[in-house]
Amino acid sequence: MLDKIYDPKQIEKEIYELWENSGYFNPDNLPVPGKTTVGEPNKKGKANKTKTYVIYMPLPNVTGSLHMGHALDNTLPDILIRYLRMGGVRTLWLAGTDHAGIATQYVVEKELKKEGRTRFELGREKFIERVWEWKNKYGNIILDQLKKLGISADWSRTRFTMDPSYSQDVQKAFTHYYKKGWLYRGNRTVNWCPRCSTSLSELELEYKNEKTTLFYMKYEPFTLATVRPETKFGDTALAVNPNDERYKSYIGKTLNIESLSTEGSLDKPSLTTINLKIVGDDAVDPAFGTGVVKVTPAHDITDFEIAERHKLPMVQVIDHRGRMNEQAGKYNGMKIAEAREKVIQDLRALGLMAKEEPYEHRVATCYRCGSTIEPLPSKQWFLKMTELAKNSIEAVDKKKIKIHPKRFEKPYFEWLKNIRDWTVSRQIWWGHRLPVYYCVCGKCDHATVATEPPKTKCPKCSCKEYKQDEDVLDTWFSSALWPFAGLSEIDIKNYYPGDLVSNAREILNLWDARMIFSGLEFKGKIPFNDVLIHGTILTKDGKRMSKSKGTGIDPLNYINQYGADATRFAVTWQASGQDIRWDEAAVIAGRKFTNKIWNASRFVLEKIKTVDVTIQDTVKPKTAADKKILEELQNTKKIVGKNIEKFEFSKALHELYDFFWHSFCDQYLEEAKKQLVADNTDSTTQKLLLQTLTESITMLHPFLPFITEAIYQKIPNAENKLLMVKTW
RNA sequence: GGGCGUUUAGCUCAGUGGUAGAGCGUUGCAUUCACAUUGCAAAGGCCGCAGGUUCAAUCCCUGCAACGCCCACCA
955 MLDKIYDPKQ
965 IEKEIYELWE
975 NSGYFNPDNL
985 PVPGKTTVGE
995 PNKKGKANKT
1005 KTYVIYMPLP
1015 NVTGSLHMGH
1025 ALDNTLPDIL
1035 IRYLRMGGVR
1045 TLWLAGTDHA
1055 GIATQYVVEK
1065 ELKKEGRTRF
1075 ELGREKFIER
1085 VWEWKNKYGN
1095 IILDQLKKLG
1105 ISADWSRTRF
1115 TMDPSYSQDV
1125 QKAFTHYYKK
1135 GWLYRGNRTV
1145 NWCPRCSTSL
1155 SELELEYKNE
1165 KTTLFYMKYE
1175 PFTLATVRPE
1185 TKFGDTALAV
1195 NPNDERYKSY
1205 IGKTLNIESL
1215 STEGSLDKPS
1225 LTTINLKIVG
1235 DDAVDPAFGT
1245 GVVKVTPAHD
1255 ITDFEIAERH
1265 KLPMVQVIDH
1275 RGRMNEQAGK
1285 YNGMKIAEAR
1295 EKVIQDLRAL
1305 GLMAKEEPYE
1315 HRVATCYRCG
1325 STIEPLPSKQ
1335 WFLKMTELAK
1345 NSIEAVDKKK
1355 IKIHPKRFEK
1365 PYFEWLKNIR
1375 DWTVSRQIWW
1385 GHRLPVYYCV
1395 CGKCDHATVA
1405 TEPPKTKCPK
1415 CSCKEYKQDE
1425 DVLDTWFSSA
1435 LWPFAGLSEI
1445 DIKNYYPGDL
1455 VSNAREILNL
1465 WDARMIFSGL
1475 EFKGKIPFND
1485 VLIHGTILTK
1495 DGKRMSKSKG
1505 TGIDPLNYIN
1515 QYGADATRFA
1525 VTWQASGQDI
1535 RWDEAAVIAG
1545 RKFTNKIWNA
1555 SRFVLEKIKT
1565 VDVTIQDTVK
1575 PKTAADKKIL
1585 EELQNTKKIV
1595 GKNIEKFEFS
1605 KALHELYDFF
1615 WHSFCDQYLE
1625 EAKKQLVADN
1635 TDSTTQKLLL
1645 QTLTESITML
1655 HPFLPFITEA
1665 IYQKIPNAEN
1675 KLLMVKTW
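Going by the numbering used here, the first sequence opens with residue 955, and the numbers climb by one from there.
By construction, these hints were calculated from the structure, which means they are not laboratory data.
By construction, the Cβ of each residue, glycine as well, lies at the ideal position given by its N, Cα and C atoms.
Nothing false has been slipped in among the hints.
Straight-line distance between alpha carbons at most 30 Å, and here's what the computed DSBU-like set of lysine-lysine pairs gives:
#, residue 1, residue 2
1, K967, K1089
2, K1207, K1309
3, K1680, K1561
4, K1576, K1628
Label-pair ranges, simulated between beta-carbon atoms:
#, residue 1, residue 2, range
5, G1324, K1397, 37 to 43 Å
6, K1289, T1226, 21 to 27 Å
7, D1508, G1206, 54 to 60 Å
8, K1397, Y1138, 18 to 24 Å
9, P1365, E1560, 53 to 59 Å
10, E1560, A1539, 29 to 35 Å
11, L1492, S1442, 38 to 44 Å
12, I1228, T1166, 22 to 28 Å
13, A1308, E1083, 54 to 60 Å
14, N1372, R1078, 33 to 39 Å
Could you put the whole structure together from the sequences, leaning on the hints where they help?
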C-alpha cells in the first residue's frame, strides 16, 4: 500500500537506483527491438525502419553546475526517449562532458588568483595538472545532478572530450583537413594584453568606459576621426560606406595624401606623402565622425576584417610589449601613450589636426591586470569553410535534417552563407594541442602536421629536432565530432547516425552546424535527423537567466523542495517553444499534480484491495460513466502520443493533466464511489479504476517518471516489470 | 547595426477566420469516508495601437509602439 504522504526525496532516490540497476539505460540491455515514427520519417523512411533512437546530449562544460537551461535541455529529450523506450525502441542517450577550453582555464585561473598565483608561475605542465584536478573533482557534477532530475541517459557510455580515444579522433580530424589542403596558417588580429603577454578571448575582456579625445586629422581631401592617432603609421587604406553619397566617387581610387613623416628628428616634425587606397565597406558608419575612417589592420579588429575583405596589406607599428616598433621610424621604442601624445603635438604643429573633441567610449581591458588590451596580429591556423559550410547548408536545404521550429533555418543559412574561415587555434593551455611540429632551429618555420613528432629531417633546414605547436584547438573543433568521437567502433556500426539534438538557439551555429559538416566529412552521413531548438529560460522580468548576474536558478532548489517530477512538470508545462519567463508557481502546480496522482492511486488501490483484479483483466464498460472514461482514455492516448512524436511535449502534458485531474479524478472517481456502493458484483468498476489508473501512469511516466514508477511497483500483478520498459 | 520573436484575465502562458481558454492568484460555498497540495461555483479580458482584406479579424496583410532574445560591432 502507498504511504499516506508522497515523499519525493526518499522515493526518487530508490527509484533511480532501481532503474540504474536494471541496466535499461543501456540500449544493449533492452528487451525487444521495435519501431519508431518520431520526427516524421525521411523520404527513405529511415525513421520508420530503424530500431534504434539516439539522442546526443548537449555536452555540459566541466566548469559549472546545473541551471534551469540544463533542466530544459534535458527534460524534453528525456520525455521523448522514455516514450520511445516504452515503445520497444532501443534508445541510446549519449552523455558526456566538454573540456570547454577557455571557460575551464578561466575558472581554474580564478582559483589560482585566490592563492595569489598565476598560470605562468606554475608553468604549462603544472597548470594543466591543476585543471585535471579540477575536472576530476567537478567534471561530473552536472551529470550527477541530471540523475537527480531523472534523466535516463546511458551513463555507462559517458565520455569526456579529452578522453584518449576522443583526442585521437580530434588529431585525425586535424590531419585529415590538412591533407585536404583546407588548413593554413595566416595572420589574424587578436586581443593582446601587453602586460600579461598573452592573447585574450572575448570572455577574458572587461569593458570599461573611457573618457578620451576624438581627434579629427586632416587626410586631404578628407578629414577623419580617430581616438588612436599613433596607429596612423599602420594605415593601409581609407574606408567609407559604399552608400555614402559624399565619398562614393572616391571608392577604388588611390590618393596621395600629405601626412606626418616618421623620418627626421623628433624635435622637428616633417611632412611626407603617403598613398592610400579608398575602399567601400559596410562596416563604416557614415554617421560617425566624418564618415571616413583610416584602416589599420594590424591594430584594430574591425579594420583587420575590412582588410581581409579588400585584400589590404597589414603594417604592424606596435610590438607585443606595447611599444612602437621600427616601422614607426623616429617614434620607435615609445610607449603607446607617449607616442600618442607626441604624434598629437606633431600633427598640431604641422596643421594637420582639424579638430579635437571630448569623447567617451568603451575600451576592452584585461580581466586579470586591467591593462588596456592591444589588438595585434598573430599567427593562427585557419580551416577553410567553403566546402564544409556548403555541406551543412545542403543537409538542411534538402530536408535531410530538420530544424524545429523551422524559423531557425534562416539564421542557420545566413551564418553558413556568410561564413569566414574558422580560426581553430587558441592561445591557451587547456585543450587539444595542435598536432603540428616545427623544428627547433628557429631559422625556418616549416610546419609538419602529424600525430607524432616527425622522425625525419626537416625538408627545409635539415633540422632533426622538433617542438610541438604551443596552441590548442578551439573547443568547438572537438565538440563538433561528438556524434561519432563519443562512440566506440562497434557503437558506430550500431548507433551512427543518431537521431536528435536538442539545445538552445545560441549554439545552433557554433555546435549543430559544425556537427553536421563533421559527420558528413568523416562518416559520410548526417549525424542526426532533427535539431530541436527550445526557448530560453528568462527570469520573471523577462531578463536572461545568468549566474554572473545572480538571476540564475538552480533546479536542485526545486528538486529538493518539491521533487524532481514537479520540477520536470514545471519545465515542460511552460516549454511551449517561446522563451519562458520562469514562473515558480508552475513547480507548485507540479507538486500539486503529483500529490493528486498519488492520492488517486491510493484511492484506487484501496478500493481494489478486497477484490481479485489485475491489470490483465479486460473490461466491458457498463455505465455511461464507464464508457465515457474509456473513450476519453483512448482519445488522450492518441493525442499524447501524437504530440510527443511532434516534439510538442508541453501540449502532451497539458492534455494528460486535463484528462487525469478532471476526467479521471473529478468525474470518474466520484461516479465510481457511487457505483461501488450500488450493485457491482462483477467488479467492473474496480477493474476500470485499475485499468484507467495503470494506463494513465503509463502515459504520464515519460513526464513524471519517479512517482509513476513508484506507484506502478505497488500495483498488483505488475508482471514484475519496470514501468520504464512497459509498453504503451 | 543585422536577424528573430513577443504583446490575450492580477501573474505565467495556450488558442481559433464566426459569442475567448488553462494553471496560479482572488471571492463565495462545501468537506469525518483518496487528496485542504481538495471539490463546486463565481468574479475578472474594446486578445498592444492605427489602418486594410473579408459577410465576419484576437487570428490574414501593412504601418506604428513597447518589450525581449541571438549575432555582430562601437574607428
